[in-house]
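Participant: The lines below spell out each chain.
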Amino acid sequence: MDLLNALVAFLNFVFIPAAAYGAQLALGALGATLIYGILRFSNFAHGETMAFGTAVTILLTFGLQAMGLTFGPLPTALLALPMGIALTSLLVLGTDRVVYRFYREARAAPVILVVVSMGVMFIMSALTRFLVGVEDIQFTDGARFVINARDFREWSGLEEGLALRTTQLITLVVAGLAVAALFWFLNRTRTGKSMRAFSDNEDLALLSGINPNRVVAVTWIIVAALATTAGVLYGLDKSFKAFTYFQLLLPIFAAAVVGGLGNPLGAIAGGFVIAFSEVVVTYAWKQVVAYALPGEWVPASLLQLMSTEYKFAVSFAILILVLLFKPTGLFKGQSV
Amino acid sequence: MTTLPRATLTNTAAPASNLRPVVLYLAMLMLILVTGFMMGWNYALTIVNMGLISAIMALGVNLQWGFAGLFNVGVMGFVALGGLAAVLVASPPVTDAWAAGGARILAGLALGALTVLALIVVRHRMAAGRSKTLALVLVAVAGFLAARAVLGSGTLAVEAVNPSVSGYLGGLGLPILLAWPAGGLLAAGAAWVVGKTALGLRSDYLAIATLGIAEIILAVLKNEDWLARGVKNVVGIPSPVPQEIVLQQDPDFTARAASIGLDPVIASTLWVKLLYMGLFAAVLLVLLGLAQRALHSPWGRMMRAIRDNEVAAAAMGKNVTSRHLQIFVLGSAVCGIAGAMMVTLDGQLTPGSYQPLRYTFLIWVMVIVGGSGNNWGAVLGGFLIWWLWVIVEPVGQSLFGAISAVLPDGSPVTAHLQDASAHMRLLTMGVVLLLVLRFSPKGLLPER
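Going down the list, the sequences are from chains A and B. Heads up: the first sequence begins at 564 in my numbering, then just goes up one per residue. Heads up: the second sequence begins at 210 in my numbering, then just goes up one per residue.
Take the hints with a grain of salt, since some may be wrong.
So the derived list for chain B, only partly shown, Cβ under 7 Å to chain A, looks like this [as the list claims (entries may be wrong)]:
#, residue
1, THR406
2, LEU408
3, TYR414
4, ILE425
5, VAL601
6, GLU602
7, PRO603
8, ALA624
9, MET638
Hints listed in this document are in silico derivations from the structure and should not be mistaken for laboratory results. Glycine included, C-beta positions come from ideal geometry on N, C-alpha and C.
Sequences and hints are given; from them, build the entire structure.
Facilitator: What follows is the structure, given as C-alpha cells:
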C-alpha cells in the first residue's frame with residue numbers, strides 16, 4: 564500500500580508536471596530545430612516569437628470572453644489559438660520578407676543571421692510588451708481539474724491524492740496532435756518532402772526544381788504555429804510573463820542540441836529529457852521516499868538535489884555533458 | 210565555420226577617410242553637450258559615466274567578436290561577476306558571520322573543488338569503459354552531496370547572523386579600486402571554464418553555452434545569500450572618491466564652489482561625477498591602448514587570420530582553439546572590469562536588476578553599430594548607443610504626451626501610450642541594429 568502511495572505521489576509531483584513541461588519544451592524545440600535545419604541559423608528570437616504568439620492569443624481570448632464566447636470546460640484560449648497562429652504567421656512572414664530574405668539571397672554566413680535574429684528579438688519583445696505589458700497574466704478559464712485530488716483520494720482510499728489539471732491534459736493532447744500532424748506533413752506530403760530535401764541538401768533540392776521561397780514560407784508558418792502553440796500551452800499551464808519566455812530560450816536550445824540540431828525527432832526527445840531532468844533534480848523527494856521506505860530509514864532532509872531556482876543549471880549541465888561526449892546529439896543532427 | 214560580415218557582405222561604400230573618426234567623435238561630443246544644455250549637466254555627466262563603462266564592455270565584446278569572431282551572449286554573466294568582485298573585495302568583513310559558519314563554507318567549497326579535481330583525475334587516469342563511467346558518476350554524486358551538506362550547514366549559520374543588515378560573509382575590506390582587476394580575474398576564470406568546454410565546437414554552441422552560464426551566474430548571485438546577500442542587495446559599497454555629503458561639509462570645498470558661483474550641493478554632485486569620469490576615462494584609455502597594440506601586433510594579425518579562415522590558419526600551424534580560448538578569456542575579463550566599475554559607481558550590487566537585453570544584447574548593438582573589429586568604433590558605439598538608450602525614454606514620453614494631448618481626456622489609449630513609452634527603447638535598439646546590419650554592416654567606423 565505504501566508503494567502505491569509512493570507511486571501516486573511520484574505521478575502527481577514528478578511525472579505529470581514533467582510530462583506537460585516536456586511537451587511544451589518539445590514543441591518549442593521543434594520550431595527552433597526546423598529553423599536550424601531549413602534556414603540554417605539558431606534563431607535567438609524564438610522565445611520572443613512564442614511570447615508574441617501567446618500575447619496575441621491572450622488578447623483574442625479576452626475579446627472572445629468579452630463577447631460571451633467560451634469553450635465549455637476547455638480554456639477559451641484554445642478557440643483563439645488558430646487566429647493567434649494566423650497573426651503570428653503574418654508577423655514572421657513579414658519579418659522574413661523585410662529582414663531575413665536579404666541575407667538569404669546574399670548567402671550570408673549563418674552567424675550573421677544569428678546577429679540579425681538578435682535585432683528581430685528586440686523588436687518582437689517590444690511588440691509583445693506594447694500589446695500586453697510586462698505583468699504576470701493568467702488567462703486560463705473553464706474546468707480546473709480533470710481529476711481532483713480529493714475525489715481521487717475518496718475513490719481510491721489512498722492517503723496521497725492525484726490531481727490532473729485540465730491544462731496538463733490539454734498540453735499533452737494538443738502537443739501529441741501537433742507532432743503527429745507535423746510528422747505526417749513532413750513524411751507524406753509533397754511540400755513536406757521538399758522541405759526535408761531542402762534541409763538535407765540545399766543545392767540538390769534547388770537543382771531538382773524545388774521552389775526555395777515556398778519552402779521557406781511554409782517553414783515559417785509551421786514555426787509560427789509550433790511556437791504559438793507551445794507558448795499558449797506554457798502560459799495556460801503556468802502563467803504568461805514576457806520575460807519568462809525569453810528565459811525559455813535556454814532549455815529550448817538545450818533540448819534541440821541534446822536531440823541533435825535540425826532533427827525533429829531529436830527535438831521531441833530532447834524536450835522530455837530536459838524537462839524530466841529539471842523536475843527530478845529540483846524536486847524534494849522526501850514525500851515519495853517516506854512512503855517507499857520503512858519509517859526509520861527515511862532521512863530528515865528534504866532530499867532535494869538543488870533548489871528550484873537552479874533549474875537553468877540543469878539544462879546547462881545536460882547541454883555541457885552532451886557537448887563534451889556526443890556533440891551531434893542523441894539523434895544524429897546536422898553539423899555545419 | 211565562422212565568417213564575418215566583411216567576408217560575406219562586402220560593403221560597396223567608399224572607403225572611410227581618416228577624417229571620419231574625428232568627425233563622428235566630435236558629433237558624439239556635440240550630442241552630449243546638447244544634452245547637457247537642454248537637460249542639465251548632472252544628467253549629461255551621468256550619461257557620460259555610464260557611457261564610459263559601456264564603452265569598456267563594448268571593447269571586451271569587440272575583442273571576442275571583432276578580432277576573433279566568437280559569439281558570446283553571456284556578457285551579462287561576466288559583468289555580474291565583476292560586480293560580485295566589488296562586494297568581495299571592498300565590503301567590510303562580517304566577523305560574526307565568519308565565526309558562525311565561515312569555516313564550514315570554506316570547507317564546503319574546498320570539497321566541491323576536490324570533487325572536480327577527482328573527476329578530472331578519474332577522467333584522465335582510468336581506462337575507458339563501463340567502470341570509468343560508473344566511477345565518474347559515483348565521484349560526482351558523492352562529492353556533490355558531501356560538499357552540499359557541509360556548505361548548507363555553514364550557509365544557514367551565516368545567513369542567521371543579523372539577516373536584516375548583513376547575513377553574509379562580507380568582503381575583504383580592501384580598497385575598492387583593487388576590485389576592478391579582481392573583477393577581471395573572476396570573469397576570466399569563469400570564461401576559461403566555459404571556453405574550455407564550448408570552444409572548438411560549432412560557433413552556435415558557444416552562444417548557447419554562454420547564454421546558459423550567464424543565467425547560472427545570476428541564479429547564484431540571486432540565491433546564495435551568504436555570498437552577497439542575494440536579492441536583498443549589498444548597499445553602501447565604499448567609494449573611491451569623496452562622498453557628496455562630506456564635500457558639502459568641507460568649508461574649503463564650499464568656499465571654492467561659492468567662488469565660481471555654484472550652490473555647494475550642485476557643485477558636490479558635479480565634482481563627484483567628474484572624479485568618476487576621470488577614473489573611468491583613465492581605465493578606458495589604458496584598455497583602448499592595449500587593445501590597439503594587440504590589434505596591430507603579430508598576435509592581432511594572427512587572430513584576424515584565424516577569424517577569416519580557420520582552416521588556412523590551422524594549416525599554417527596556428528592552434529585555433531587555444532588562441533580562441535585566450536581571446537575569449539581576455540574579452541570576458543574586460544567585461545568583468547567594467548562590471549566592477551559599474552557597481553563601484555552605483556555603490557550597490559543589485560542582482561535583480563541584471564537583464565540580458567540590457568547587459569548582453571545592448572552591448573552587442575554597441576559593437577555592431579560602432580564597427581566590429583575596430584576598437585575606436587566599439588568605443589564610439591558604446592557612447593552613442595548608451596546615449597540613445599537613455600534619451601529614447603524621455604523623448605518617447607514627450608512624443609506620446611503630445612499624441613495624448615489631442616486625444617479626449619481619460620481615453621484608454623492615453624493610459625496605454627504611457628505604459629508603451631517604457632518599451633520604446635527595445636524597439637529603437639532593434640530597428641537601429643537591423644538598419645545598420647542591412648545598410649552599413651561594417652558599422653560607423655569600419656575595420657580597415
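Participant: Would you mind marking each hint as holding or not holding in the structure?
Facilitator: Hint check:
| no. | hint | verdict |
| --- | --- | --- |
| 1 | THR406 | holds (5 Å) |
| 2 | LEU408 | violated (10 Å) |
| 3 | TYR414 | holds (6 Å) |
| 4 | ILE425 | holds (5 Å) |
| 5 | VAL601 | violated (11 Å) |
| 6 | GLU602 | violated (13 Å) |
| 7 | PRO603 | violated (17 Å) |
| 8 | ALA624 | violated (11 Å) |
| 9 | MET638 | holds (5 Å) |
Violated hints for the displayed structure, listed by number in ascending order: 2, 5, 6, 7 and 8.
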